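Undergrad: What follows is each chain in one-letter form.
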Amino acid sequence: MHWVKQIYNWLELRLQLQGPVEDAALHPVPRNTASWWYVFGSAAFTLLLLQIATGILLAIVYVPSAANAWNSLNWLNHDLPLGWFLRAMHGWGSNFMVAVVLVHMAQVFLFGAYKFPRELTWIVGVFLLLMTLGMAFTGEVMRFDQDAYWGLGIGVSIVGRVPLIGGPLVDLMMGGPMIGGATLSRFFDLHVFVIPGTLLVLVAVHVWMVLKLGINDWPMPGRPVRRSTYLAEYHKLSHEHGLPFIPGAFWKDLIFSGAVLAAVAVCALVFGPYGPNGQPDPTIIQTNPKPDFFFLWIYAILAYLPPVLETPFILIVPILGIAVLLALPFYAGEGEKSWHRRPVAVLVLVTVAVSFGVFTHLGTFTPWSPIMDAWSSDPVPSKFLQDRTPLERQGAIVFQAKQCRNCHSLDKVGGLRGPALDDVATRLTEDQLFRQVLQGGGNMPAYGKNLSPSETTALVRFLTTLHAPGQQRATDASGAAAAQLTPPAPEPAKQ
Amino acid sequence: MTQTPDPPPATSEHQNIDDPRAVSRRWMLLKIGVLINAAVAVAVATPVVRYLLGPIKRKGAYHSWITLGPIDQFPAGETRLATFGNPFNQPWDGETANTPCWVRRIDATNFQVFAINCAHLGCPVRWFPQSGLFMCPCHGGVYYSDGSRASGPPERGLFEYKYKVAGNQLQIFAGQTPTLSNEASNGLRVLNNYKGSGPCTG
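Residue numbers (our numbering), protein chains in the order written: chain A, 1104 to 1598; chain B, 20 to 221.
Hint data in this document are derived by calculation from the structure and do not stem from the laboratory.
Derived, one-sided and incomplete: chain A residues facing chain B with beta-carbon distance under 7 Å:
(1) S1168
(2) A1170
(3) R1264
(4) I1282
(5) G1283
(6) D1384
(7) N1391
(8) A1406
(9) W1471
(10) A1504
(11) N1546
(12) P1548
(13) N1553
Note that the coordinates shown come from a computational prediction; the quantities given were computed from them, not determined experimentally. We put the beta carbon where it would ideally sit given N, CA and C, even for glycine.
Isolated chain A, as found in the complex (with noise of 0.2 Å):
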């Protein structure tokens, strides 16, 4: 083995390199801090490794051209050997990484990381999230099917509402009049130069300083940060308590990247590529878009935004929660680290969580979306027509034919934009049922004009026979007192 040393020993004496690696791999860390909650950001950068990897090889095939792209990636999945597993891993690869960056962001959140000396690190991390989201959402472009072609859509929705230079700005996102091959070409230039050089450099500079100032200790209760004494804290408990990076904390930073990596593979074999679905043609309207997981939260806060609020939110509250970030570790740079001592910091992390959570749960099955086909697809359960007159069997196909069963379900089947029916007539009354009908209202349109008064009556019977069997149906309170006051006819007509 003569000859590796000499080859060595070579290379050596040109690159100068032995020393700065053995600088970064030996310096001492807090002892405390080789844990299995310190690996979140060295995964994040192997699964980046993994992006630009499988980026390049798919790279070799894909066309960036609106005519094309489609059907590359149909021949990507089809026809190429492994070019399914490869679109695959960076699909999947793309998922894993948007999930471990905000996991390792909670997690430096949570152990107080962000404060002095590394603010800095903590504000370069924030422009890291903001590039992971543009590559999370410049690659959904890239896969260029209907998803992405409606994305692009609502992408310029949102840019057309900026007051004063929306219009030129949404110009020169769609580069020219409309979403086309100039659009797909510049979002690809997006995500495959422009964004992922300034994640390198980001990421370099990110490492540096943690290299320099050295892994966030293990935060204590009762031992504060403050600027007149960290450093020389800090040195203390990596120099005289400490041991060297490697191997003391790298060993847990390397199983738990392979085990990422692994997972990625897995998930990839097992539920394969993402896509394409339908061809990116805009006069197939028979769509219903929807973003991948990491936007659906924003897909379903868009949905409950009021007319009047969504402008200003949509431009207003998303700069407010970067300046924010970037401003937290300006606001709180000194002070407890540790959980037990800062509640509002938990508090926060959690609703942020929990909100997450539950929008995106919400954005994965669309509860304000009328259910397209329900009405020609989804019939009448049988236990609502049994025992009917003809007249209100007749308002069930009214009920039908009129797409109102879009937006409201029988039987937990049908949309959910509006209530369930299933017990309306014990809500509302025959006359307020009729007006609900004709005028709409409450976030319902009104159908006075595409009905005609056979058919509002038919619709109207029906719905007044929805209830369970020991169920009341709802009286006009008024009429009824009414009719206490006047003495009874003599025997009502019956209809």
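Following the hints, complete the assembly by docking chain B onto the known chain A.
TA: Below, chain B alone, put in the same frame as chain A:
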């Protein structure tokens, strides 16, 4: 100038980095170097900004009259999907060079042509003739047959294109994806549609 004689050894011994004359001369040359590079960079980069902003055109520059087809395709009293090719298309646009729109023929001479994009976030709205409603699959925006807002998150009715009948052909004034900052026909607000949101306008 180019033949600066070597300074005598006696002075060179005393000349070190602290010498104010030497420092100022080298620093001045460095500053000139920086200035030259900055000037070249500005001169080269400024036109590149124009290149980057190339797609931005003044309002209406992308618009033109586009033929949707003979008016016989659109029976009176019905609303049908039509497709037009983008005037500014490129061979590499593929299928995206086409854009759909909804044509409502009210009677023999009157039409309404709606953009396919929901006024909320641009998803494609679908027409349901049975209930006379446009419904959006994304966030549940609903519009009446005349394009006015019925319910859901949109803050206005559907975007409407200007139209004209030339000979036997239905033409619309279009060319740009409609957004809230570019309302379909060259920023022209369609009055019968813009305010209408109450149930009585349906």
